[in-house]
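Undergrad: Protein chains in written order, with the working numbering: chain A, 1 to 428; chain B, 1 to 306.
Hint data in this document are derived by calculation from the structure and do not stem from the laboratory.
Predicted model only: the values in this text are computed from it and were never measured.
Quick reminder that beta carbons are idealized off the backbone N, C-alpha and C, glycines included.
One-sided and incomplete, this derived list gives chain A residues near chain B with beta-carbon spacing under 7 angstroms: (1) ALA80; (2) THR83; (3) GLU345; (4) GLY348; (5) LEU355; (6) VAL359; (7) GLU364.
Residues per chain, in single letters:
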Amino acid sequence: MYVAVKGGAAAIESSWRLLETQRRGDTALAELSVAQIRAQLTLAVDRVMSEGSLYDPELAALAIKQASGDLMEAIFLLRAYRTTLPRLGYSEPLDTARIALVRRISATFKEVPGGQLLGPTYDYTQRLLDFALLAEGDSTGTPPAAIGTPPASLDAKLTARLEKTVAPGTPSATVPRINELLAREGLLETPQPFDAAAPGDLTRDPLMFPADRALRLQALARGDEGWLLAMGYSTQRGYANSHPFAGEIRRGFVSVELVPDELGFAIDIGDLEVTECQMINQFSGSREVPPQFTQGYGLAFGGAERKTMAMALVDRALRAGELGEPRVAPAQDEEFVLSHADNVEASGFVQHLKLPHYVDFQAELALVRKLRVAHAEAARDKPVTPVHPEPVEAPALSLPKGLRPAQPERKDVPTFGHGKNPTQQEVA
Amino acid sequence: MDPHYNFAFLDERTKKHIRRALLKAVAVPGYQVPFGSREMPFAYGWGTGGVQITASIIGLNDVLKVIDQGADDTTNAVNIRRFFARTTGVATTEKTREATLIQTRHRIPEVPLTESQTLVYQVPMPEPLSKLEPSRRETITMHALSEYGLMHVRLYEDIAQLGAISHAYDYPVMVNERYLMSPSPIPKFDNPKMHMNPALQLFGAGREKRLYAIPPYTPVRSLDFEDHPFEVQHWDHACALCGASESYLDEMIVDDAGSRLFVCSDSDYCAQRRDAGQVGTQQAVTLHDALAPSPAAFTPSEREAA
Numbered sequence: 001m002y003v004a005v006k007g008g009a010a011a012i013e014s015s016w017r018l019l020e021t022q023r024r025g026d027t028a029l030a031e032l033s034v035a036q037i038r039a040q041l042t043l044a045v046d047r048v049m050s051e052g053s054l055y056d057p058e059l060a061a062l063a064i065k066q067a068s069g070d071l072m073e074a075i076f077l078l079r080a081y082r083t084t085l086p087r088l089g090y091s092e093p094l095d096t097a098r099i100a101l102v103r104r105i106s107a108t109f110k111e112v113p114g115g116q117l118l119g120p121t122y123d124y125t126q127r128l129l130d131f132a133l134l135a136e137g138d139s140t141g142t143p144p145a146a147i148g149t150p151p152a153s154l155d156a157k158l159t160a161r162l163e164k165t166v167a168p169g170t171p172s173a174t175v176p177r178i179n180e181l182l183a184r185e186g187l188l189e190t191p192q193p194f195d196a197a198a199p200g201d202l203t204r205d206p207l208m209f210p211a212d213r214a215l216r217l218q219a220l221a222r223g224d225e226g227w228l229l230a231m232g233y234s235t236q237r238g239y240a241n242s243h244p245f246a247g248e249i250r251r252g253f254v255s256v257e258l259v260p261d262e263l264g265f266a267i268d269i270g271d272l273e274v275t276e277c278q279m280i281n282q283f284s285g286s287r288e289v290p291p292q293f294t295q296g297y298g299l300a301f302g303g304a305e306r307k308t309m310a311m312a313l314v315d316r317a318l319r320a321g322e323l324g325e326p327r328v329a330p331a332q333d334e335e336f337v338l339s340h341a342d343n344v345e346a347s348g349f350v351q352h353l354k355l356p357h358y359v360d361f362q363a364e365l366a367l368v369r370k371l372r373v374a375h376a377e378a379a380r381d382k383p384v385t386p387v388h389p390e391p392v393e394a395p396a397l398s399l400p401k402g403l404r405p406a407q408p409e410r411k412d413v414p415t416f417g418h419g420k421n422p423t424q425q426e427v428a
Numbered sequence: 001m002d003p004h005y006n007f008a009f010l011d012e013r014t015k016k017h018i019r020r021a022l023l024k025a026v027a028v029p030g031y032q033v034p035f036g037s038r039e040m041p042f043a044y045g046w047g048t049g050g051v052q053i054t055a056s057i058i059g060l061n062d063v064l065k066v067i068d069q070g071a072d073d074t075t076n077a078v079n080i081r082r083f084f085a086r087t088t089g090v091a092t093t094e095k096t097r098e099a100t101l102i103q104t105r106h107r108i109p110e111v112p113l114t115e116s117q118t119l120v121y122q123v124p125m126p127e128p129l130s131k132l133e134p135s136r137r138e139t140i141t142m143h144a145l146s147e148y149g150l151m152h153v154r155l156y157e158d159i160a161q162l163g164a165i166s167h168a169y170d171y172p173v174m175v176n177e178r179y180l181m182s183p184s185p186i187p188k189f190d191n192p193k194m195h196m197n198p199a200l201q202l203f204g205a206g207r208e209k210r211l212y213a214i215p216p217y218t219p220v221r222s223l224d225f226e227d228h229p230f231e232v233q234h235w236d237h238a239c240a241l242c243g244a245s246e247s248y249l250d251e252m253i254v255d256d257a258g259s260r261l262f263v264c265s266d267s268d269y270c271a272q273r274r275d276a277g278q279v280g281t282q283q284a285v286t287l288h289d290a291l292a293p294s295p296a297a298f299t300p301s302e303r304e305a306a
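The whole structure should be built from the sequences, with the hints applied where relevant.
TA: Dropping the structure here:
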């Protein structure tokens, strides 16, 4: 007698054990610590924090460890944890002009107030595998000998910031944003909040369309980097022409301030490392608006230059309606861009196809079988229907299946179905 | 019960938010209520909407049953049932009659439900018009205006081109003659069970952030045409285990020759019948291709050719 397959519970438990073995890998090698991931895989930690919408490097590193380095899985873990946290309040807007810089560049002006600061970047490495890193033992981060010695004081300051050994609350210098300098001359439009109401919160209320810019930026900030990159890239290749310039990219530490109800004034509750990108785009003006530049904005936690640049391009593309541009490209369609930007949602729904669909597939099977029987019956009524009917000369109207005009009989064409069944041929 | 989390995982404010949305959904049967769907420790698409509804309405005295594809022992059903056992400590059951709260994916139990039961559906795509109009902004307006002609045209085109409506599951329904609703991907076999059902039926779509409801004793009509009335699936076989001829069947491939075994998809229903002494044929069957030429159907000219 047939016994239906049971044991879902046992299978799940075995799967957990196997997953744990897979995560740990070769036990002859030392286990990777969360502290090591946090300190040495910082850009992975930063991405998980940004898209996980939670600034907590230790938990992000834990998530990366638990997910065996699968960053989307780590993002999901962090989000699922984040959802359990109480919402204590909303901070004051970050003032990114007051920043302890790690890096800051402008592609629009050679010299800017506050200076250009290259900082750590892969941009000018030669992308040659550094086999020295293969060697066991401690690498102290000494650059190859061929490279000159940097000015010691600046280097030490940046190193301290990157190692996060600077004492919290270290006063930040004010570095004015280039956009503000341009806006002063009237050359740059500056988007204003639509109304005085506090911005909505994407994580508390569902995203409805049309969404205002605050909600759009929230969705983009936690959106998938790959998605934003592709969308932003498409605007450069002619799907919504955006003519962008990287007005400014800055990375550094900014303080977060909160106004507790019982105090009534702002207190500093800690520092965040962020990357901010302001794109400047050409705009020829319209009848009402004189020619000026427009902007797109990107912000993410930690070192996230690619993400913030792509985000700024997409933000600008999504402002098409507001700026009176025709919406012709996918990157300008906010419902399309925002509904598919969240990789936790996308990954879940794509992978849900792994779940059993026996019932629905059975329904489809029954339907296709029924249609095939109907097809066979129709063919029996008109037994000479060829498999690939020759084009009917000047058909007056297209007839439903089974009602085709009679065809002349042809012996070289099988009478039924999709090709001859070999066994049936032998029988015949 | 796991003391690290609130009862049923969600915090009380979130539960209240979801219950308020559910009240609205019950007041406007079939209308999709947007709600602040939370991230759950399940992947989107794996029942987060249903889980959030269950978490918001479950109480200490509830008895919970979780099914996926009609069965209690499929991995996802096991996972969700364990989650609630762990975070609430409430009693769970596999018996439909014993349950007060049933969370389901893709099926409605075969045993008729009662007024004291609530059925929670997991919904992947709550918008019945989404395959016809992808923009939610547009479909919201279409629902507001009861502008459902597009769906009727779609069904008509199926009939014109295929001779039958090609929706075998997630078959669109009109709720209370007002809102077009997706019944979630249940087979159309289950659609008639929604009509005037004594139980409260709640639908949750976590990823799409919508929930909706069919209150008890609400008319639910599957769309059809006078000359093409709605009909449900039928099988040429009865359940091989319990002999049921009225239930929805799963099909299994049991040997290399492709023999099929048909058994009830509702595992509890099947077990109850077997416990009561009912027995099926215990036999797998061989299916034939409807379009393969059978010897009798051959025309003389073909025989000659062969």
